[in-house]
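One-letter residues, chain by chain:
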Amino acid sequence: MIEAVGPTLPNHIVEWTVLIVTYPFFTGIVAGATVVSALVYLFGLKHLEQLERVGHFLAIALMLVAPLAPMFDLTMPIRAFKVPFYPNLSSPIILFFILWALLLIVMFLKSYFLFRRDFVERAKEGGFFGKVAGVLTFGAKDINPEADDKKVKFWATVSIPVAMFFHAYVGFLMSAMHSMPLWGTSILLLVFLISAVVSGIGAVLLLYVIGQSILGEQVKPEELKVPVLVMSAFAGFDLFVLFIEYVSEWYWNTAEWPLIAMAIKANLLAYLIEVLGLFFVLIGGFSGLRNSVSGITLLSIVSLIAVYAARWTMVIPAQMIDKGHRGIVYPHIKFVGREGITEVIALFFLVFFLFFLFVSIAGYKPAQQHKEVA
Amino acid sequence: MGEVKESTSRRSFLKAIAVGAVATCTGAVFDSARAERAFPAQKGKNRFVFVVDVRKCIGCDACVAACKAERNTPLGVFNTWVEKWEVGYTDPNTGETKVKVLNVPKLCNHCENPPCVKVCPVHATYRDENDGIVLQRYERCIGCRLCEQACPYGVRYIDPIMMVMNKCTWCDHRVRNGLKPACVDVCPTKAREFGDLANPEDPIWDLIKKNSVQVLKPEEGTKPRVLYIGLEGIEGVYVGSGSESRHPGEVWTDPADGKVYTYNVRMQHNKFRELR
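Chains as they are written, first to last, in this note's numbering: chain X, 815 to 1188; chain S, 59 to 334.
Just so you know, these hints were derived from the structure itself, not from any lab. Everything hinted at is true.
Below, computed lysine to aspartate or glutamate pairings styled on EDC-like, alpha-carbon distance capped at 20 Å:
| id | chain 1 | residue 1 | chain 2 | residue 2 |
| --- | --- | --- | --- | --- |
| 1 | S | Lys176 | S | Glu187 |
| 2 | X | Lys1034 | X | Glu863 |
| 3 | S | Lys248 | S | Asp119 |
| 4 | X | Lys1079 | X | Glu1063 |
| 5 | S | Lys126 | S | Asp230 |
| 6 | S | Lys275 | S | Asp111 |
| 7 | S | Lys275 | X | Glu1070 |
| 8 | X | Lys1137 | S | Glu141 |
| 9 | S | Lys73 | X | Asp962 |
| 10 | X | Lys1179 | X | Glu935 |
| 11 | X | Lys1137 | S | Glu278 |
| 12 | S | Lys73 | X | Asp956 |
| 13 | X | Lys955 | X | Glu935 |
| 14 | X | Lys896 | S | Glu197 |
| 15 | X | Lys860 | X | Glu1036 |
| 16 | S | Lys156 | S | Glu144 |
| 17 | X | Lys1137 | S | Asp217 |
| 18 | S | Lys238 | S | Glu128 |
| 19 | S | Lys238 | S | Asp119 |
| 20 | X | Lys1137 | S | Glu277 |
| 21 | X | Lys938 | X | Asp956 |
| 22 | X | Lys964 | X | Glu863 |
| 23 | X | Lys1137 | S | Glu144 |
| 24 | S | Lys238 | S | Asp254 |
| 25 | S | Lys103 | S | Asp186 |
| 26 | S | Lys126 | S | Asp243 |
| 27 | X | Lys1137 | X | Glu817 |
Isolated chain S (complex conformation) (with noise of 0.2 Å):
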């Protein structure tokens, strides 16, 4: 009879060990979450926004450069790379031709609706909710690369040197300070610009205002804040071949029209890959 007392209290012991560690778990879970939130508190009451005018991109690269410069980026990986479209058709009828050039640059649109920051299991990949910025806290990245999967821009990547995630920032140590990100700086033809929404004044709103802005893969829901001018009927219209039996980025046939069309783009990017 003893032993059964003895044995019956040994379990009700261990029933209280094991809720209090999982309460105690529990809390701790919660609470660092809960602190988590809280941070960072930032002052700023910034709204960011790039504008990129593809009319005006002369494909001169110096904002690669500068962002390479300016982020001490790694070789084979990049925040800002400038691709080349062509765009068009020919008619072979008539010998009609209308086909375009385009350089276009990329980087980080620093969605509204990031999926990158949702995916992030430990908040690394957080939005800045005062001046909307999409940042990178580098200390606690634990490098699962499931940020990489979710971004539909291909815009983030593994640091070779610090083997976590890094991506364009907008240059935020830059931006923050009055300054325009490098990129914006450094280019000849300001195709790129960088203004702040919050401020009626900022000429970037005379930018929107009259021009027609798209965004890229708009489709995606993110709701990106790199606005481009010049992508009107081209961007989100057909973006591949339209054939399966053909190579994607081949010139395809219109059947009703018999309108030869291209979208012929050449990222030129690749010999990169050699470096990785």
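If we strip away everything but chain X, and leave its shape as in the complex, we get (with noise of 0.2 Å):
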């Protein structure tokens, strides 16, 4: 059973739900890695390599798993292979195979010459993943770590541009449609890309500590200065357009604002979510809290759930508001079934599943590093 508010459309349901909402999470997660790149190979902050490398692995892991959300969200599902085919070009959905096939192309080619070192190393240990990682390095045995870096600053570089592409057609997606209120604004793209830097970076930090202290290594938190800095202050740029958003919004007073209105009523717990979880993480970043470990861990925790609570805000609101403008509809969330919150827990195990693969094949740390250590 559907649920209304005021006169609203016969037709009218929230389609898109819980995995349009993991969607632009996903792909947010895949931009922001591409920040700690950006501060190894442009800003040369040598010591976020492992960093970096971990976001990388995520990246791809997240690349692979993000197409599924919307794809289970499709009432045809396997149809989606028609869209290469039958392709209109005027339709947004079409940026996304263009997108998503070259960053897809872009990441693995920066991953081959990054892990080369590392599979040849691994082919010569033998063992399943050695045969996996012997079949990776495509024959090449040759190990040149010098022209292999050039090459993956260079292909590091080309990823950055590329994935915020990637990220901003997901908010193209939405803000294309104008005849939503809260949707058809060019300002919903900037607030993707900026709430993207936030959550990129908190997750590859977080797998970074998990990792390392799997490992029972140190965790330098002055190391880790930067990108936390970074991080809040992408949180403070992120509630500064969403204040510019909404108060915009509210002084325009439209005839739909009082349907916005209701509707973020309606979503209060998400955004209060949204907005006290950025403000803890701007504070956070710049205080005591970037200098302990678990502050840290604390930082990046939050940014994850702040930002999925603003995607949230994002997809459900502007859908809530009836085409006819008099009344809102709730949205349906089912545990388990299509669309269900079961379909969006089994794409995060997928995502894990696919890291610790990577992780597996190609080693957590570089190959020579773990024979300096050995």
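Hints given; two lone chains; assemble the complex.
Here it is in structure tokens:
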């Protein structure tokens, strides 16, 4: 049963729910992880290389899982493969295929040159993962780290704008629907991109801290100062842009504003988590919290929760507003079944499975460093 | 030396394969896109248009029933429906009251610039260039529901049986064979009219020439082809409550002249939500 407040059009239901909330969350982390790449390769913070490596593993895993979210959301999922064969080039969904394929190619090229030296070493060790690594060298067993590093730097630089465009496209999917209040604004793209940086750095930091503690290695908070500060600064920037967006909506006081206000009230919890979480990340990053490992862990967890809530507030409230502009419809969120919460949980598990698979094949640490330690 | 030569030739072989694969895929995609544009070849030269005379509608819902029967539309979704609008004002000082109740039938507007066609990733929704009807290829629809988000009129829905998008077709199977849509045929007061603008003798021309016609949400730039008679000064003039503190659809007072306006809309279909 679908709940509604006020008069609503008979066909109106909230069509896109938790899966489409998760989709920009995943692509946002991909885009945000490239900011760590930028810190390492463009700003020369070489001590963050291990952090960048973790971010790269996560980005590839998310790149492979992210398309499943909108695909599971289709009422005819298997027909997703029709899109490349009957493309309507004026549809925003076509951009997905172009940008996703481009980003995947760039990421695999970067991975190849980044992990080639590890694959060669691993192939010598033998075993199952050794054999997989041997195949992944594509037969080139000559190790030349200097030459490879140049190529990694090149492809990492290319991946930054491509990942940003890929994530911006997901925002464009919504902002292109100009007849929908809250969606039909170009500032939505900016909100998408800025919150992506917050969640991307947060996710990479969290996995890095967990990885280091599993290996029993020390995390030096002073080394992570720059990414934490960037995350906090972007949280502040995000709050600022959100403030501009909603204050503008309130001040314009258009015919849709009463409905926007109703939709905001209906999702007040998500808005509160978003705003308070981002505020916490902003304050925490510039305070003593960034000087301890537990503080950094807390900040990254809060950033992820806040940005997930932000994705919710971007996707759900706009769809609740009725096209008749006189009422709102509540989303009907199932636990099991099509577009159920279980599907989202399965996607998260898939991300972590792929992450650990890639770590097992290529190694958590670069092979040379491994040798030096040994 | 020999090894280096071998690896070079292997690399160039892999490169050649990659270039070949990319070229083939690109060619296939563009070729299918080109073939897609040529489909379907249609013969008719009609310019269909739908006219709704709100003054004549008595809200009997016969059109809704006829549509359900003709299109076999499942429970809880509608190709057409009739809204009830209460429009006007009451002056508290003089007691002057000017309120009308309107029955406003709604259906797909078959826009000349349809946003649903623009956003469909697979050309499942297309606009027939010859007679202008916006139709759906059910066997191709992937069910992304982007068209539903893009449509400003809320007429598109997921068919609960086929699980693909469905919509009003203006009964294309009837109109292309010289009949009128089921809802037009069944209307007891002739509030719904359907005609062909390409035919100068069509009685629809009389209706359009003699009356002032309006369209829904002209600001969306969709150029709708369902023309309304009797919504002059109503649609597009004040569509909200005008006050951020009030529930939309409530009565509101104009501070300039103290007149109490209403724009109360009862769409009366919320009860069908229980069926979905």
